[in-house]
Amino acid sequence: MKIHKYDTVIVGAGGAGMRAAIESTKRSRTAVLTKLYPTRSHTGAAQGGMAAALANVEEDNWEWHTFDTVKGGDYLVDQDAAEILAKEAIDSVLDLEKMGLPFNRTPDGTIDQRRFGGHSRNHGEAPVRRSCYAADRTGHMILQTLYQNCVKEGVEFFNEFYVLDQLITEVDGVKKSAGVVAYELATGEIHVFQAKSVIYASGGCGKFFKVTSNAHTLTGDGQAAVYRRGLPLEDMEFFQFHPTGIWRMGILLTEGARGEGGILRNKDGERFMEKYAPVMKDLASRDVVSRSIYTEIREGRGCGPEGDHVYLDLTHLPPEQLDAKLPDITEFARTYLGIEPYTDPIPIQPTAHYAMGGIPTNVRAEVLADNTTVVPGLYAAGEVACVSVHGANRLGTNSLLDINVFGKRAGIAAAEYASKADFVELPENPESFVVEQIERLRTSTGNERVAELRRELQDTMDANVMVFRTEQTIKTAVEKIAELRERYKNVAIQDKGKRFNTDLLEAVELGNLLDLAEVMAVSALARKESRGGHYREDYPNRDDVNFMRHTMAYREVGADGSETVRLDYKPVVQTRYQPMERKY
Amino acid sequence: MATPVLDKVEAQSAASPYITVTFRVRRFNPEVSDEATWEDFQLEIDPKERVLDGLHKIKWDLDGTLTFRRSCAHGICGSDAMRINGRNRLACKTLIKDINPEKPITVEPIKGLTVLKDLVVDMEPFFQAYRDVMPFLITKETNEPTRERLQSPEDRALFDDTTKCILCAACTSSCPVFWNDGQYFGPAAIVNAHRFIFDSRDEAGEQRLEILNDKDGVWRCRTTFNCTDACPRGIEVTKAIAEVKRALITRRF
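If you're matching them up, the sequences are chains P and W in order. Take the first sequence: its position 170, counting from 1, is numbered 170 in the working numbering, and each next residue is one higher. Take the second sequence: its position 142, counting from 1, is numbered 142 in the working numbering, and each next residue is one higher.
Treat each hint with caution, since some may be false.
As the list claims (entries may be wrong) - EDC-like, lysine to aspartate or glutamate: derived pairs with alpha carbons at most 16 Å apart:
id, chain 1, residue 1, chain 2, residue 2
1, W, K239, W, D229
2, P, K498, W, E31
3, P, K98, W, D202
4, P, K175, P, D422
5, P, K570, P, D370
6, P, K480, P, D459
7, P, K98, W, E144
8, W, K164, P, D328
9, P, K152, W, E203
Hints in this document: simulated from the structure, not taken from any laboratory. Just so we're clear, the structure is a prediction, and the values are computed from it rather than from any experiment.
Bound-form chain P, shown alone:
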């Protein structure tokens, strides 16, 4: 075992982690621990753009953006955070441009902007061009630009280091972050990083679904690490299903395709979104569009011999426009479906895409131990966190924005805290949890296989807690997850080695997914209303009287060692917008 000491440790090197690192490296001795090489992070898969009311191509302002974000989140958004997001969006985009990001340009040379779902002029009058973009590879450009600037700033990376545990020490009755424990993939060695500040920026957990746009590596490692240490997870029942995943594969096809004029059609060729969202049509918010697609399919208007998908039609757009604005997604259709989008509509279905919930933070990116108490020295930003700027449903282009606004805030806040704070003493045998976990898996002689348990988990999540949920389906999921968690105790791996043991790490990742799936299902069962991405067929309406509140889920360990999820609730911050019925 090795012990390292840094002022600031950042867990994850996607957009939020690297944006934080650029700030914290200037101000404090910083280490970035990442289970992948930084440029492999899933920020790179984001396509359509980053919202900011630059008003480069038409009238716009940050207040309209705030309203759209609050409405898009079905009023579960903390409005103080949404205001910060929309206001600081403008500088965030300009920061990236100055760092070198190659945005698409208008004929005048300013940053070009395009339409995106849920973003509107003057509180819902009509779609507005607010998304700053670089073709359909905006996430790729953000990831590359941030990595380039990390190289420029000399950021210190520990590549292929898996953070498996959060260290917390109680000082005078206050829980403080003391550091993290990491596993080095290349050698199997355990490393303890003592740090004054720790920032989680480790991304989402979409791999508990089968049809998902998420990378294989999005297994909720950060959420699971803090949850196991008794810290809460907020609003985990809210998961976004992106309307346009490639049929059966789940690969993302950007909403920018509809922003450029693409249309969703059912088997009769009907533009069905006109029925569900008369004003915004195909550019309604994602939860609305995904439900509309499944409604069409359930009512027998789906496409194909099985009637199990609908079409994204781009055939009326000029090929030059597709080549210039949507080159990657048209190539995906050609590569994976053998379809020519110039002439053929693309079969799509909703795909599990984004966790609105996560580690609760305040607007300074400080992690909360309960509804109000900050954990000194602990920060989170990006998809792993819940500020909450996305509420019950995130708007497209607000996640690339979130990682930049709150990544920057986390980097500054963590480094400033580290400059004033002392190191917190490490717990006794800080590595013990990880050593025990690794050795148990490496030496297990059980008869359960990681791949089989993961398949069963993904099947039950897709079948029971996806776009439509009921008491019955969620209970089925809760029971199945409990069974899988029990069987997980008997999981065994084949690779017993130290070197690049990805077999071992897939087993660890499955454990994280099972923990988070349980939190999600239990949180969803208790929310007896429909709001944003959480749709209960047995409670189809939003219930502001009983459920205008954030879910806070805690891990409880009984005297007999049994684990349960305890739910509590946190009020929503409302400033200028009163909840209204949500129509697009």
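Following the hints, position chain W against chain P.
Chain W only, in chain P's frame:
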């Protein structure tokens, strides 16, 4: 029922025409042996699936010790560049049906970088060459503009192709010059230098050109086009290298 749709998708994929293919994979684990060997695996697979899906079937159902890097699984993250049937490709962007499944499909690590285990190579020399070309925007102005810098769509188009690079190393590890001499910067580093040399906002083009004027620089390129053929992003790598060579001669860019 929550989502009957997905059951049907399942039914359909179960009914799809599975074929039997042989994956012939280069194995190496220094914890076990100093020798690399070939190992054959028989798989039932839908020819519309990816080579990566085949590798996952091996790892998940047959042999958990098989080791490779992967993440996004759709050609964006650059983790899974491999030598498949003798050519550098991304395993997640290569469909079984497109590489003649009648014969054994060979899968080996990319060449020119030290193999650490099975298909995993040491990427550090590759990233070092990337860092050496100063892959970041450099400007000399003392007062930053309050708004964005302006750039015409025409100027933006000049370096569009080289912004697509995902640093997968498929190009560099397909280059015979790089195989023979690990000191050569390699195509990927030159592509990333090109991305800034031809960016109208950047003011360090001369410095980058001097770095590439080195004996291990751009003149080592023998124009074999392996890099262009290997690039999973369709970047015209050889053309970009030629543009850098031309800029070195004319000092115009």
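Open item on the list: Need the status of pair K498 (chain P), E31 (chain W): alpha-carbon distance at most 16 Å?
Closed with: Since the Cα atoms of K498 (chain P) and E31 (chain W) sit roughly 8 Å apart, the hinted pair holds (cutoff 16 Å).
Task: Hinted pair K98 (chain P) and D202 (chain W), Cα distance within 16 Å - done: The hint holds at about 10 Å.
Task: Distance restraint between K175 (chain P) and D422 (chain P), which requires alpha-carbon spacing of 16 Å or less - done: It holds: about 14 Å lies between the C-alpha atoms, which stays within 16 Å.
TODO: Quickly compare the C-alpha distance for K480 (chain P) and D459 (chain P) to 16 Å and report which way the hint goes.
DONE: It holds: about 10 Å lies between the C-alpha atoms, which stays within 16 Å.
Open item on the list: For a C-alpha distance cap of 16 Å, please report whether K164 (chain W) and D328 (chain P) respect it.
Closed with: Answer holds: K164 (chain W) to D328 (chain P) is near 10 Å, not above 16 Å.
Open item on the list: Check whether the Cα positions of K98 (chain P) and E144 (chain W) lie no farther apart than 16 Å.
Closed with: 8 Å, holds
TODO: Quickly compare the C-alpha distance for K152 (chain P) and E203 (chain W) to 16 Å and report which way the hint goes.
DONE: Holds, because 15 Å separates the two Cα atoms, which is no more than 16 Å.
Task: Pairwise hint evaluation, D370 (chain P) against K570 (chain P), where the allowed Cα distance is 16 Å at most - done: 9 Å, holds
TODO: Verify the proposed pairing of K239 (chain W) with D229 (chain W), using a straight-line Cα cut of 16 Å.
DONE: Roughly 12 Å separates the two Cα atoms, so the pair holds.
Comparing the model with each earlier hint shows no violations; every hint is respected.
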